[in-house]
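Trainee: Please build the complete structure, drawing on both the sequences and the hints.
In the order they appear, the protein sequences are chains A and B.
Take 2 as the starting number for the first sequence in the numbering used here and just add one per residue.
Take 1062 as the starting number for the second sequence in the numbering used here and just add one per residue.
These are calculated hints, taken from the structure and not from any lab test.
We treat Cβ as the ideally placed atom computed from N, Cα and C, and that holds for glycine.
Among the hints, a few may not be true.
As the list claims (entries may be wrong) - Partner residues aside, some chain A positions facing chain B, computed with beta carbon under 10 Å:
id : residue
1  : G18
2  : I48
3  : K53
4  : D55
5  : R63
6  : A140
7  : K144
8  : D149
9  : G155
10 : M159
11 : H160
12 : Q253
13 : K257
14 : L261
Claimed, not checked - In silico DSSO-like cross-links for lysine-lysine, where the CA-CA straight-line distance does not exceed 27 Å:
id : chain 1 : residue 1 : chain 2 : residue 2
15 : A       : K122      : B       : K1328
16 : B       : K1100     : A       : K317
17 : A       : K93       : A       : K53
18 : B       : K1147     : A       : K131
19 : A       : K337      : B       : K1294
20 : A       : K175      : B       : K1100
21 : A       : K53       : B       : K1328
22 : B       : K1328     : A       : K370
23 : A       : K186      : B       : K1100
24 : B       : K1081     : B       : K1229
25 : B       : K1299     : A       : K53
26 : A       : K53       : B       : K1229
27 : B       : K1175     : A       : K370
28 : A       : K370      : B       : K1203
29 : B       : K1293     : A       : K337
30 : B       : K1299     : A       : K175
31 : A       : K131      : B       : K1220
32 : B       : K1181     : A       : K243
33 : A       : K53       : B       : K1293
34 : A       : K53       : B       : K1100
35 : B       : K1181     : A       : K244
36 : B       : K1081     : A       : K122
37 : B       : K1100     : A       : K187
38 : B       : K1243     : A       : K332
39 : B       : K1100     : A       : K94
40 : A       : K337      : B       : K1299
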Amino acid sequence: MKKTCNVDIRRLSRVEGHGNIRIKIKNGKLMEARWEVVETPRFFEAILKGKKWDNAPWITGRICGICSIGHTLTSIRAVENAFGIIPDEQTKKLRLILKHMETLQSHTLHLSFLVLPDFMKTGSVFPLIKSHEDVVLRAARIKKLANDICDCVGGRRMHPTRTVVGGFTMLPEKEELRGFGERLKKIVEDLMLVAELVRGFSLPDFVRETEFVSLKGDGDYPFIGGDLVSSDGVRMREEDYKKMTNEYMTEQSTSKWCRLSRESFAVGALARLNNNFEFLHPAAREVAGSFGLTPVNHNPFMNNIAQLVECVHVVKESTRLIDELLDSELKDSRQKVIARSGIGVAAVEVPIGILYHSYEFDDDGRIVKSDCVIPTGQNHANIQLDLEGIAKEYAARGKTDMELELLAAMLVRAYDPCISCSVH
Amino acid sequence: MDEREPGARTYLGVPLYRPKVAFFEFTSCEGCQLQVLNKEDTLLDFLSLVEVVNFREAMTEQSDDYEIAFVEGSITRDDDVKRLKKIRKNAKVLVALGSCACFGGVNQLKNRFKDLNFVKTEVYGRHPIDSGPVRTLEEIVKVDLKIYGCPVKKEEVEKIVLHIAIGKSIVFPKYPVCMECKRNENICLFELGEPCLGPVTRAGCDSWCPDNRAGCWGCRGPADDPNLDQMKKIMLEKGFSEETLLDRLECFGGFSSLMKKGNVNEKDL
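Mentor: What follows is the structure, encoded as structure tokens:
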């Protein structure tokens, strides 16, 4: 039994961005557990100052390489809200399909390329190409389908081109949509095989009660806009996001941290699922059930499972949306943009959690003030407290450095952190 | 022999050399590295062409033994200068991956302000934060090759890696995006009422944005001998403001050497 442990991970691997984990245990007593964010800031809010409205989605989409579609759509919604533009049904559906496919590609990247190696006891997905070719090819197939749809609907899988304030610069052909509809129906089988594989893994049984924040669905599992809700019973309007996030600085991070009713809260797939379980597609609920995942679940490692559940949900929902679009006439419905002064706020559920953009415009549509509150920024405090909790628990049990190092890394990875995004 | 065994691949019957490559990132969105994983069709082929020994976003193992370093991002902090110099020392070939590494990317937009303290206070208030002006890789170390774009195109990355592996020289297009756009039979974006930097931006992206009816923002920097005066004339003739032109020219930093240094006085905002 080793009662003294020292974990010092610099620039944790298999996550987006730069974060360190430090844990010190002496004679079975936890001395220190720290989640440090050392990422260099890019100052997006300052960059936007004085820029015209049309720069906002183009520039802020570059905050993140993984959820650039999410940032672009959030930015567009904030500008549209400021200018009083209401997207029509067709635009809403196409945007939602894009959103869903980004979720599918991001969750798949996370589960099968970043998390999977921990359970297969490898350092990366690369050796699995030889030892578990079918598993890797299956994940690549799912990711490819999601990305192909993003290419088609959004113009590009990363930093999309067709998505603009007022609608789309170009629409997909019905033939293309029909093909994607067919592929989506077939991909469900692949997802079920991923579920079967994941069922074979034993997730750490760590539980720490916390608050979960997400959008609140209004008849649907929510993704774009709507009320904000927390599992502690807080409910607010989208415009009041600042009261829901309460950003503050800490010396251990270049990213801001957030809090609401407690010292920390969590956002992401598990938060969405905990707050909106009843709105999940029945097939997705069934997968959740097969993992014993029901609300409110307080095991942070279950975020991996919640992501898998959401993959099933977004595939089923996208199939429905494509069918609806095929039944209607696709028409160019891009709206003319007339800039005006005012403030526009948008809340969108991106893969990692709820994302907010807010812009204040002058009469000419120039940005006077902007604010982006990033999901991982909202998760940092929760990660810190989980890390302390898990280190404390394991300090008592006497784990080796290696065991604790892996567990701590897996904990942070479970949040699917987008660290450079959180610092932006 | 397994096709993916090192050295098993051949080109015109000659065994291909499988270089050890490393990926690193500095101030960026890490999207360009992700683009390397993002083309699922050719991912396995690509991985058989090279031996990846460093790729923090995707793998835990690390090594200082590599020949080609792909470096994403711009430089804003002293500890990053040190890290970059070490990479330069280890690598035979250092490739700047994407517009942030080549030009500073969208990050360099903060350099347009006279007072960098204003930039810090706008975001962090009084909280102290360590960050200097945005610099390109080339301002700090020798860069052997540049892969332009925000994001980079995987096809181009693959072509370059293949050329390195077979020792073939790498030629980038000198002509503007307009050439590719015309070849792709697009309607000129100016005809559709969109501003576009296609006439002055270096090609190689296969007119990625114009193909989707989005005007070019110059993310690959200038083509050879760009005629900026004529570009300005077209923009004004088509009813776009000088501000719209400037927004695009300064967005990714590729044109910064051709322009008056952006000196925005934050007090005027």
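Trainee: Next step is simple, just say for each hint if it's right about the structure.
Mentor: Now for the hints, and whether the structure bears them out:
Given hint, A:G18 at the interface with chain B, holds; its Cβ is 7 Å from that chain's nearest Cβ, closer than 10 Å. The closest approach between the C-beta of A:I48 and any C-beta of chain B is roughly 4 Å, which is under the 10 Å cut-off, so the hint is satisfied. Nearest Cβ of chain B to the Cβ of A:K53: about 6 Å, under the 10 Å cut. The hint holds. For the restraint placing A:D55 at the interface with chain B, the shortest Cβ-Cβ distance is roughly 8 Å, inside the 10 Å limit, so the hint holds.
A distance limit of 10 Å between C-beta atoms decides the matter here; for A:R63 the minimum to chain B is near 5 Å, and the interface restraint holds. At a threshold of 10 Å, the smallest CB-CB gap from A:A140 to chain B is about 9 Å, leaving the interface hint in force. Contact between A:K144 and chain B, as hinted, is supported at the beta carbon level, the nearest pair being about 6 Å apart and thus within 10 Å. For A:D149, the suggested interface contact is upheld, since its CB lies about 9 Å from the closest CB of chain B, less than 10 Å.
Using the Cβ-Cβ criterion of 10 Å, the hint placing A:G155 at the interface with chain B is satisfied: the shortest such distance is roughly 9 Å. Annotation: A:M159 was flagged as interfacial toward chain B, and the flag holds, the nearest CB pair being 5 Å apart, inside 10 Å. The interface hint given for A:H160 holds, since its Cβ lies 6 Å from the closest Cβ of chain B, which is under the 10 Å cut-off. The interface hint given for A:Q253 is broken, as the beta carbon of that residue sits about 12 Å from the closest beta carbon of chain B, more than 10 Å.
At its closest, the beta carbon of A:K257 sits 8 Å from a beta carbon of chain B; the interface hint therefore holds under the 10 Å criterion. About 21 Å separates the beta-carbon of A:L261 from the nearest beta-carbon of chain B, more than 10 Å, and the hint is not met. For the given pair, A:K122 sits about 56 Å from B:K1328 by alpha-carbon distance, which is inconsistent with the 27 Å threshold. Note on B:K1100 and A:K317: the hinted pairing holds, with a Cα-Cα distance of about 24 Å set against a maximum of 27 Å.
Our distance criterion of 27 Å between C-alpha atoms is met by A:K93 and A:K53, whose separation comes to about 24 Å. Distance hint between B:K1147 and A:K131 is unfulfilled; the C-alpha atoms sit about 32 Å from each other, more than 27 Å. A threshold of 27 Å between alpha carbons decides the hint, and for A:K337 with B:K1294 the separation of about 25 Å falls inside it, so the pair holds. With a C-alpha separation of about 24 Å, the suggested pair A:K175 and B:K1100 falls inside the 27 Å cut-off, and the hint holds.
Taken as a hint, the A:K53 and B:K1328 pair is honoured in the structure, with Cα atoms around 17 Å apart against an allowance of 27 Å. Distance restraint check for B:K1328 and A:K370: the Cα-Cα separation of roughly 14 Å lies within the 27 Å cut-off, and the hinted pair is therefore satisfied. Taking the CA atoms of A:K186 and B:K1100, the gap is about 22 Å. The hint holds against a cut of 27 Å. For the hint linking B:K1081 to B:K1229, the alpha-carbon distance of about 17 Å falls within 27 Å, and the restraint holds.
Restraint check: the Cα-Cα separation between B:K1299 and A:K53 comes to about 18 Å, which is no more than 27 Å; the hinted pair holds. Our distance criterion of 27 Å between C-alpha atoms is broken by A:K53 and B:K1229, whose separation comes to about 44 Å. Distance restraint check for B:K1175 and A:K370: the Cα-Cα separation of roughly 18 Å lies within the 27 Å cut-off, and the hinted pair is therefore satisfied. Taking the CA atoms of A:K370 and B:K1203, the gap is near 38 Å; set against the 27 Å cutoff, the hint is violated.
Using a Cα cut-off of 27 Å, the hinted pair B:K1293 and A:K337 holds, with the two alpha carbons roughly 24 Å apart. Pair hint B:K1299 plus A:K175 does not hold up; C-alpha atoms about 33 Å apart against a cutoff of 27 Å. Proposed proximity of A:K131 and B:K1220 is supported: the alpha carbons are some 24 Å apart, at most 27 Å. Between B:K1181 and A:K243 the CA atoms are separated by roughly 20 Å; this keeps the pair inside 27 Å, and the hint holds.
Among the hinted pairs, A:K53 with B:K1293 is consistent with the structure: their alpha-carbon atoms are about 18 Å apart, no more than 27 Å. Between A:K53 and B:K1100, the direct Cα distance comes to roughly 34 Å. Violation of the 27 Å bound is thereby established for this hinted pair. Under the criterion of a C-alpha separation no larger than 27 Å, the hint pairing B:K1181 with A:K244 is consistent with the structure, at around 23 Å. Straight-line distance between C-alpha atoms of B:K1081 and A:K122 comes to about 23 Å, which keeps the hinted pair within the 27 Å bound.
Between B:K1100 and A:K187 the CA atoms are separated by roughly 20 Å; this keeps the pair inside 27 Å, and the hint holds. Simply put, B:K1243 and A:K332 have alpha-carbon atoms about 26 Å apart, close enough for the 27 Å limit, and the pair holds. Restraint check for B:K1100 and A:K94: satisfied, since their Cα atoms lie roughly 26 Å apart, inside the 27 Å limit. Restraint check for A:K337 and B:K1299: satisfied, since their Cα atoms lie roughly 18 Å apart, inside the 27 Å limit.
Checked against the numbered hints above, the structure breaks hints 12, 14, 15, 18, 26, 28, 30 and 34 and satisfies the rest.
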